[in-house]
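2 protein chains.
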Amino acid sequence: MLENMPDDVSAKLRDAVGQAIGQLHGIYILAQNEVGLVLVDMHAAHERILYERLKRRLDEGGLKPQPLLVPVTLRVGQETADLVEEQAVFLRAIGLDVVRRGPAEVGLVGVPAELLDSDVESLLRDVLGDLAVGESGEATGNRVRDRIEHILGNMGCKAAIKAGRRLQLAEMNALLRDMEGTPRAGHCNHGRPSWVQVDVAALDRMFMRGQ
Amino acid sequence: MLENMPDDVSAKLRDAVGQAIGQLHGIYILAQNEVGLVLVDMHAAHERILYERLKRRLDEGGLKPQPLLVPVTLRVGQETADLVEEQAVFLRAIGLDVVRRGPAEVGLVGVPAELLDSDVESLLRDVLGDLAVGESGEATGNRVRDRIEHILGNMGCKAAIKAGRRLQLAEMNALLRDMEGTPRAGHCNHGRPSWVQVDVAALDRMFMRGQ
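Protein chains in written order, with the numbering used here: chain R, 131 to 341; chain U, 131 to 341.
Hints were generated in silico from the structure; no laboratory data involved. Mixed in with the good hints there might be a few duds.
Pairs count within a copy or across copies, as identical chains cannot be separated in the list.
Result set (SDA-like, lysine to any residue): computed pairs, CA atoms no more than 25 Å apart in a straight line [stated by the list, open to error]:
{"id": "1", "residue 1": "Lys-185", "residue 2": "Gly-207"}
{"id": "2", "residue 1": "Lys-288", "residue 2": "Met-336"}
{"id": "3", "residue 1": "Lys-292", "residue 2": "Gly-152"}
{"id": "4", "residue 1": "Lys-292", "residue 2": "Glu-209"}
{"id": "5", "residue 1": "Lys-292", "residue 2": "Gly-192"}
{"id": "6", "residue 1": "Lys-292", "residue 2": "Ala-234"}
{"id": "7", "residue 1": "Lys-292", "residue 2": "Gly-232"}
{"id": "8", "residue 1": "Lys-292", "residue 2": "Gln-149"}
{"id": "9", "residue 1": "Lys-288", "residue 2": "Glu-216"}
{"id": "10", "residue 1": "Lys-292", "residue 2": "Gly-191"}
{"id": "11", "residue 1": "Lys-292", "residue 2": "Glu-215"}
{"id": "12", "residue 1": "Lys-292", "residue 2": "Ile-151"}
{"id": "13", "residue 1": "Lys-288", "residue 2": "Arg-339"}
In this text the structure is predicted, and so the values were computed from the model without any measurement.
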């Protein structure tokens, strides 16, 4: 009765995740399309949308940092502050404008426009954690790209709306429309399904309607 | 994952069908309770509510007709007009105040308060149809009661909200509260389920949340 939609689903009807009805338990968006009920995991869907948007911007000429209205200063370990200096070029490549402010202090000055609304401090801490455990030594073409995509994926996850966030109907519908325009929108970046379709015909059987 | 609730379900949590979120395809009410998502077949639920209310009123001293603001005149066959005269007492027992107006004409003057909002003309035509096919001859205690209950059941079904009726959130919540106070609310009078519970834990497994 509940069906996960494959990513390459092509039928026009199923492609449209419909109009939002409301939110369930602060986790799921309930929507109605022509087929029936749609359940959307709002975090998983938003994660995919952000990740694909970041990758597209990267391909279209790089992720340009947008200046933060209020730059953030972070106290970090000295090794992490060293890392920020060493990896300044890589960090800029993924849209993060970070500078060393002192022996154990760094400043975050800009992030990609897509991430301006998120908790940028915790985002930077995660990226620096990813970088610290990353392999050292030369990285050639594909390896760099893989590493960037891995980090962009984590940035998308970090910046995506969390469970418990109350959305207005207009925000829910904006998310649904974004999903429809996003490649691989059927699953989040970690492979979890982002939406599930429940056919009205299946509900009708469950409720023995028309019998 | 989808569970029909037995009629005697007693756990407090599951007893509450929760707060309405919205309507799906003009047929189902979507609601949220502590367990998760609740789907309600609004016609089946309303049918049960009306039927149990009519039976309770019958037990509490009879179904008194409430006068219609605008009495309805129906053209019927002469046999049906005869039937209305013959069965006037029975009709009053089920709260229908019907009089003969001519050789092939009857007037509906009052119906039970519960049914004032429904399509009373079509309701009366159905009841007269039920009566016409009913067994004749003496009817003793239980048979009369069975017959009355059968007709009340059909009246509840006829008067219950139909698919496609757009409800406001307040109306949906009023229906949910009525369900909670109604015996056998888990099924309509014809045995169809009136609501189904979907646990958030089951949804979380479906969406691989927390893995």
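Now the hints, each set against the structure:
no., hint, in the structure
1, Lys-185 <-> Gly-207, "neither (30 Å within a copy, 75 Å between copies)"
2, Lys-288 <-> Met-336, "between (38 Å within a copy, 22 Å between copies)"
3, Lys-292 <-> Gly-152, "both (16 Å within a copy, 23 Å between copies)"
4, Lys-292 <-> Glu-209, "neither (31 Å within a copy, 69 Å between copies)"
5, Lys-292 <-> Gly-192, "neither (27 Å within a copy, 56 Å between copies)"
6, Lys-292 <-> Ala-234, "neither (30 Å within a copy, 68 Å between copies)"
7, Lys-292 <-> Gly-232, "neither (33 Å within a copy, 71 Å between copies)"
8, Lys-292 <-> Gln-149, "both (21 Å within a copy, 22 Å between copies)"
9, Lys-288 <-> Glu-216, "within (24 Å within a copy, 77 Å between copies)"
10, Lys-292 <-> Gly-191, "neither (30 Å within a copy, 56 Å between copies)"
11, Lys-292 <-> Glu-215, "neither (31 Å within a copy, 68 Å between copies)"
12, Lys-292 <-> Ile-151, "both (19 Å within a copy, 20 Å between copies)"
13, Lys-288 <-> Arg-339, "between (44 Å within a copy, 15 Å between copies)"
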